[in-house]
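Once you have looked at the hints, place chain B on chain A.
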Amino acid sequence: MNIEITDLTRRFGRTWAVAGVSLESGPGVVGLLGPNGAGKTSLLRMLATVIPPTSGKLRLLGSDPGGYGPRRQIRRRLGYLPQNLGYYPSFTVAEFVEYFALLKEMPAARVPAAVAAAIERVDLSDKARSKLRTLSGGMLRRVGIAQSIVNDPDLLLLDEPTAGLDPEQRVAFRALLRDLGQQATVVVSTHLVEDVGAACTGVALMDAGKIVFQGTPDELTGRGVGIDAVGDAPLERGYTAVLSAARAEPARETAQ
Amino acid sequence: MTAATVPAAQARAWHLPRPARLLRLELRRNLMPWLLPLFAALFWLATYRPAMAAPPLWDTRGTMLQAQTMLAFAPLLAGAAAWAGSREGRRGTGDLVDVTGLPRWAGRLAAWAAVTCWAEAVYLAGVAVVYGITAHQATWGGPLWWPIYVGAATAAAACAVGFAAGALTPSRFTAPLAAVVVFLALGAGAFALQHGARPTYSQIWPLNAQGAFPPDAIGIFYPYLPDLAIAQLMFVGGLGTVALGALGLPAVSGGRWLRSIAAAVTVAGLAAAGTAVGLAGTARLETHGIVIPALHDAASDRPVAYTPVCSAGAIPVCLHPAFRGFLPDVTAAVTPVLHELAGLPGAPVRVTQVAVTTVAQAPSNGANLGPPILSGHPAVLYLPLSDVSLPGPGTPTTAFIGELRDELPPLLNSFVGLKVLNQPGSGGIIAGPSSPGAPAQIAVAMALAQDAGLLNPFPVPGNQPRHGNGSAQGPQATGAQAQAAAQAQAGAASRFAALPAATRHAWLLTHLSALRAGDITLSEIP
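Chains A and B, in that order, give the protein sequences.
For the first sequence, position 173 matches number 173 in the working numbering, and the numbering has no gaps at all.
One gets the working numbering by counting positions in the second sequence from 1 and adding 256 to each.
Chain A extracted, bound-state conformation (with noise of 0.2 Å):
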């Protein structure tokens, strides 16, 4: 397993942005749904090992990152795009690219086939000598996407991957996510269940910092099956049947 977390919590303040969380995870895609403020980005960034967990048990790759050791093995191996990409406006794609190979301690003589592979892998090969400030969101977004791929990692954490993207450019990046899965742990948190439904072979669907389902992105087509559920695809009416479902139990414990 590429990722084990039992119990996992991440507190800010009075706020339990995560509460509670269990997950496994081997190779392949796993798509990470759920409202806004559900908690999505922190445990991706608690995966990340950006910040560490308040309580829980959490393994990445088989070690425990918690470890200054493990921790800097495990980030040799992982692939990261966060929700909001920082990017330095003066270099260039293929420069950007090639700064993160270097600084995630690849062998020097894998970095310039691997900085090519992945600047091709988001089509922005003819843009490999522009300047990022140069580049629209769209384009942007990529640039952070070949970053996070460049180490060829075998857990790749994307945050928002398909934001700004054309849909163009959502299918072509969805080709990847399902050629990435083959061989390592994709998360992929998003807002849009039809990247989901096409890209992912597992779902978790989070809400009010737990996990409220989790499987596949079938059986959450099913859950909205017959429900008079919101939505325009299958898909959709099952994440929101899963949703309503989830918020309805506090409730009705509370009523009790």
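Rather than coming from a laboratory, the hints here were simulated on the basis of the structure.
It is possible that some hints are incorrect.
[Unchecked claim] Label pairs and their in silico Cβ distance ranges:
#1 428(B) - 248(A): 46 to 54 Å
#2 432(B) - 54(A): 34 to 42 Å
#3 388(B) - 52(A): 53 to 61 Å
#4 15(A) - 450(B): 55 to 63 Å
#5 292(B) - 36(A): 43 to 51 Å
#6 218(A) - 519(B): 51 to 59 Å
#7 519(B) - 54(A): 23 to 31 Å
[Stated by the list, open to error] Below, computed lysine to any residue pairings styled on SDA-like, alpha-carbon distance capped at 20 Å:
#8 131(A) - 286(B)
#9 131(A) - 284(B)
#10 57(A) - 1(A)
#11 131(A) - 553(B)
#12 57(A) - 9(A)
#13 210(A) - 226(A)
#14 131(A) - 346(B)
#15 210(A) - 67(A)
#16 57(A) - 41(A)
#17 131(A) - 283(B)
#18 131(A) - 280(B)
#19 210(A) - 88(A)
#20 131(A) - 709(B)
#21 131(A) - 347(B)
#22 131(A) - 509(B)
#23 210(A) - 246(A)
[What the hints assert, rightly or not] If you want the ones that stay clear, here's a sample from chain A, every Cβ over 12 Å from chain B, calculated:
#24 28
#25 51
#26 54
#27 69
#28 98
#29 104
#30 135
#31 170
#32 175
#33 201
#34 227
#35 244
Glycine is no exception: its CB is placed at the ideal position from the N, C-alpha and C atoms.
Chain B alone, transformed into the frame defined by chain A:
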């Protein structure tokens, strides 16, 4: 993407090891190249123009490259480094950088190294320009490197301090604040040096080349004393090390071992800077520079061998070859005085340039330099040029000659037997005309000065002196009585100066011994 689309320069760099490639990226995408025009303008204003206006002496220009250049560069370097250091915070790449394998401290050091490489390149380019021109102009010696070492270390330290400020407190305001703080810190150091109760400690300030010592008096007659420069290197190196060590202290910077190393580096930097300040506290001014006993090499006390350049004439004027270009001007300044004395008993047979005759620490980091002195048998006029402005674009030759001649009247005083207080700062003022023969001695000295075209060393009370060169009137001789005595002296002086030179010379030849002994009265002067 294929290899063909990768920039050629990038392809060339692929064989480099990882740290070198990281540095190369940081060098290429640095703020510093955009600041080059500003650095060039500052260099031209702060260093190039003053250096070219100064005499072509290696030490004069070397010390300018330490002090003036760094005063202009260091604040800007700190600001540029702070901008680079705050990049992750300003651009929101902290999360991305955090989750990479390379310790954040190492990544930051690479970014600092890039800024510092640019800073050193800019500084050394300036050094190359000034030293290149000096190589064509100077008549003796070679480049002085210690001030350059201190300047280069100061540049690196300014970058380190600025970078640490930017990295630890990232904001768009950090860069201008860092520049202002470094500028004020440099100003505070200069203030402490000038007004400190114990200026010895503040000698450590990196813009202080050799304390109050005139730059033309160091590294010429004696080897350049590196004592202070070594202490300054320790100080700025320590400050820079503290800043770089502090970068590695936060939890995100690396593991426990790495942070322990960072803490040790910080402590080592503090120790080096503290030791340097302590060493500066023991500094003392000597005739060939600032000596710090613990760092002093006695070999530096041995004079540098040189062959003087001399003017042709009855009394040759000999200068250090570094001052070869000034020989005609110095000869022009002293010849009228020499002409007055030539052939008389005790007259100098030669004029020899010396670094300084005496030196003493004055308040507020000043130095009192001794005047020219007449000494030895046969007598030699030992002439320092350290206390005068040497001719150059900023100082006309006439001004130089005038300044040099202003130093000569006390020589005439001593020549005719007046007791001269050869204390530094006394201006060679005599003890006072208390001896019976002093008025005649004063009158003759006045006459010789007048004939040689020098300042009147004994202006009549009530008349404005041309320069504040002091007065010979004793504290008790005041009022109308003093004025009458002075007028009598002036009358005798005018009378004596009006004599034909040959007559005057003949009288001096026969009466100089009696005059010196105080046996001649005013009325006996022809």
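With a cut-off of 20 Å on the C-alpha distance, tell me whether residue 131(A) and residue 283(B) pass. holds, 16 Å
Non-interface claim for residue 28(A): all C-beta distances to chain B beyond 12 Å? The assertion about residue 28(A) holds, with a minimum of 21 Å to chain B.
Assess, step by step, whether the Cα of residue 57(A) is no farther than 20 Å from the Cα of residue 41(A), and give holds or violated. Since the Cα atoms of residue 57(A) and residue 41(A) sit roughly 18 Å apart, the hinted pair holds (cutoff 20 Å).
For a C-alpha distance cap of 20 Å, please report whether residue 210(A) and residue 226(A) respect it. Between residue 210(A) and residue 226(A) the Cα gap is close to 25 Å, so the pair fails against 20 Å, i.e. violated.
Has the hinted range 23 to 31 Å been met by the Cβ atoms of residue 519(B) and residue 54(A)? holds, 28 Å
Beyond 12 Å from each Cβ of chain B, as asserted for residue 54(A): holds, 16 Å
Between the alpha carbons of residue 57(A) and residue 1(A), is the straight-line distance 20 Å or under? Given pair residue 57(A), residue 1(A) holds - Cα atoms ~14 Å apart, limit 20 Å.
Is the Cα-Cα distance between residue 131(A) and residue 347(B) 20 Å or less? holds, 15 Å
Is residue 131(A) close enough to residue 280(B), meaning Cα to Cα at most 20 Å? holds, 17 Å
Take a quick look at whether residue 131(A) and residue 286(B) sit within 20 Å of each other, Cα to Cα. holds, 14 Å
If we take the beta carbon of residue 175(A), is the closest beta carbon in chain B still more than 12 Å away? Residue 175(A) is indeed farther than 12 Å from all Cβ atoms of chain B, at 17 Å.
Just want to verify: residue 201(A) was marked as not at the interface with chain B; is every Cβ pair farther apart than 12 Å? holds, 24 Å
Hint check: violations occur at hints 11, 13, 15, 19, 20, 22, 25, 27, 28, 29; the rest are consistent with the structure.
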